[in-house]
Amino acid sequence: MAEVAPATKKPAQVDDKIHTWPHLVRGEFLVTIFVLVVLTLWAMLLDAPLEEPANPTRTPNPSKAPWYFLGLQEMLVYYDPWHAGVVLPTLIIIGLMVIPFIDINPAGNGYYCFKDRKYEILTFFFGFHILWVSMIIIGTFFRGPGWNLFWPWEHWDPHKVAALTNVDLPYLVGFRNQTLSVLFGLFCVVAYFVVGMALFYYWVVRIKGKEFMERWGPVRFGITAFLIVTMLALPVKMFLRLAFNVKYIVATKYINI
Amino acid sequence: MALKDKIEEIKKDIVESHVWKAIFRHGYEDTPRNRVLMVTANVWLHLHPAKVRRHGVRMRFTWCMGGLTFLMFLMTVITGIYLMFYYRPVGEYAFADMQYLEQDMPFGMLMRNMPRWAAHAMVVFVWLHMFRVFLTGSYKPPREFNWIVGVLLLVLTLLLSFTGYLLPWDQLSIWAVPVGSNMARASPLLGHEGPFHEFVGANPIYDARAFLFGGGEIGPHTLLRFYILHCIFIPLVASLLMAVHFWRIRRDGFSGPSL
Ligand code: HEM
Numbered sequence: 005m006a007e008v009a010p011a012t013k014k015p016a017q018v019d020d021k022i023h024t025w026p027h028l029v030r031g032e033f034l035v036t037i038f039v040l041v042v043l044t045l046w047a048m049l050l051d052a053p054l055e056e057p058a059n060p061t062r063t064p065n066p067s068k069a070p071w072y073f074l075g076l077q078e079m080l081v082y083y084d085p086w087h088a089g090v091v092l093p094t095l096i097i098i099g100l101m102v103i104p105f106i107d108i109n110p111a112g113n114g115y116y117c118f119k120d121r122k123y124e125i126l127t128f129f130f131g132f133h134i135l136w137v138s139m140i141i142i143g144t145f146f147r148g149p150g151w152n153l154f155w156p157w158e159h160w161d162p163h164k165v166a167a168l169t170n171v172d173l174p175y176l177v178g179f180r181n182q183t184l185s186v187l188f189g190l191f192c193v194v195a196y197f198v199v200g201m202a203l204f205y206y207w208v209v210r211i212k213g214k215e216f217m218e219r220w221g222p223v224r225f226g227i228t229a230f231l232i233v234t235m236l237a238l239p240v241k242m243f244l245r246l247a248f249n250v251k252y253i254v255a256t257k258y259i260n261i
Numbered sequence: 173m174a175l176k177d178k179i180e181e182i183k184k185d186i187v188e189s190h191v192w193k194a195i196f197r198h199g200y201e202d203t204p205r206n207r208v209l210m211v212t213a214n215v216w217l218h219l220h221p222a223k224v225r226r227h228g229v230r231m232r233f234t235w236c237m238g239g240l241t242f243l244m245f246l247m248t249v250i251t252g253i254y255l256m257f258y259y260r261p262v263g264e265y266a267f268a269d270m271q272y273l274e275q276d277m278p279f280g281m282l283m284r285n286m287p288r289w290a291a292h293a294m295v296v297f298v299w300l301h302m303f304r305v306f307l308t309g310s311y312k313p314p315r316e317f318n319w320i321v322g323v324l325l326l327v328l329t330l331l332l333s334f335t336g337y338l339l340p341w342d343q344l345s346i347w348a349v350p351v352g353s354n355m356a357r358a359s360p361l362l363g364h365e366g367p368f369h370e371f372v373g374a375n376p377i378y379d380a381r382a383f384l385f386g387g388g389e390i391g392p393h394t395l396l397r398f399y400i401l402h403c404i405f406i407p408l409v410a411s412l413l414m415a416v417h418f419w420r421i422r423r424d425g426f427s428g429p430s431l
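Protein chains in written order, with the working numbering: chain A, 5 to 261; chain B, 173 to 431.
Hints are computed from structural coordinates only; laboratory data are not their basis.
A portion of the hints provided could be inaccurate.
[To be verified] Result set (EDC-like, lysine to aspartate or glutamate): computed pairs, CA atoms no more than 16 angstroms apart in a straight line:
| no. | chain 1 | residue 1 | chain 2 | residue 2 |
| --- | --- | --- | --- | --- |
| 1 | A | Lys212 | A | Glu124 |
| 2 | B | Lys223 | A | Glu32 |
| 3 | A | Lys68 | B | Asp342 |
| 4 | B | Lys223 | A | Asp20 |
| 5 | B | Lys223 | A | Asp19 |
Let the hints inform the model, and build the full structure from the sequences given.
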């Protein structure tokens, strides 16, 4: 990334340094002891679960992943497994890794500051706290047998009937021909991305100005826009599913989106 | 008076004895030079710089989260090794060993709980650590690379927890794994239910899931595979990356407002 401004500042004369020993080491030592005491107490009071021996022939209902993966399991509801299980996690990891390269705002390096980095912080907040954490909460407390939605206080009725009326979007709007359905579905997906990225472009230009967009460059813009539009596709898809029972937008033999 | 002198004398005798000097080499005087030496001459402490900027020591800057993630990692290593003495990663024994540990071993339950909860805490801490690094913008130049190393560590942390989840070999653990197996099975090209698998020739006993599970279905072979991943392979890779992570923190300098 050639344009990244080198952050090296001329070392100022002020010296605000203090000795690691004792100042930092003392703090680390005390915090370590405190946390270890808490951990030990916790381990004495709360036992790790151990259920019946493993039995591959008896599937518990529901079978839940460990809580930190419930976001993934929850995404499986809305997307095909290859999409929720492989493509999206890969995009999340890559998306996290590219953050330092797409964020060219030099402000807020090394200190807490909301004002100068509103949009960056809000985006992170949305992706991490709203999407990821809330899906974990839904998966932990609101999913019961058959991966149906239950209130936490509701009885887990394994025979709860959830109408399987989900249909693909092309079918919903009246397409019955397979080829036309696929074409229409593909059109919707492409249109979603084109419109989404275009809107994002105009929004950035309006908020930050043309000059910023030039400095940002097409590659960085493209990657950011793609990731953000993909991220927003999750709530969009959740909405379509919950409100209109839409299953997939494109359904083919190979790939469903 | 006399008593105090006496104590001083005894103290002096002890401190100057051959044995004491063999162990401690010299006394400690609180001079700036010694403060620096305490850090640079100590194999553990010299991970730190000799001096740090004032803001970096404050808890409200780092929330201690990076360090505590590391502490949790160390805890799981130590208590985990203890468990390895009592646990056999074999289909017939694994569950029985857990029961034996819980019911017949003195402090066995405690020793089982420790790595368990430490691992959960590690996941939470690593997320919070990432959040604080984001909030302080500490991934900005020159620390981009360390952020990438961090993301890899995050993935490894999750994988460590995930592989460990299978080891008790009870209903909870083997039925948590299918989520991962669904993912592997559905990977494009490489999974036998993924898109385009025909072109690669992936089938249920020869695909990404079989590679991960050591066979077409989850079974004792999976247990051994996860055990080795959990106890040897991933911790090794994670330790290497942590070494890089810590080294880069020193090289890049700890972030902070410019002076
Ligand atoms: C096993 C996981 C990890 C361990 C043990 C670890 C440990 C540490 C420690 C001890 C520090 C020193 C400062 C502090 O405590 O905040 C640090 C700093 C840092 N970590 Fe991590 N970390 C881990 C994961 C991550 C992750 C997931 C990220 C980001 C995605 C990350 C990015 C960074 C960066 C950029 C710094 C430099 C911060 C600065 O200069 O202010 N680390 N890490």
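Here's how the hints hold up against the structure:
1. A:Lys212 <-> A:Glu124: Holds: A:Lys212 and A:Glu124 sit about 13 angstroms apart, inside 16 angstroms.
2. B:Lys223 <-> A:Glu32: holds (15 angstroms)
3. A:Lys68 <-> B:Asp342: Distance of about 13 angstroms is within 16 angstroms: holds.
4. B:Lys223 <-> A:Asp20: holds (10 angstroms)
5. B:Lys223 <-> A:Asp19: holds (11 angstroms)
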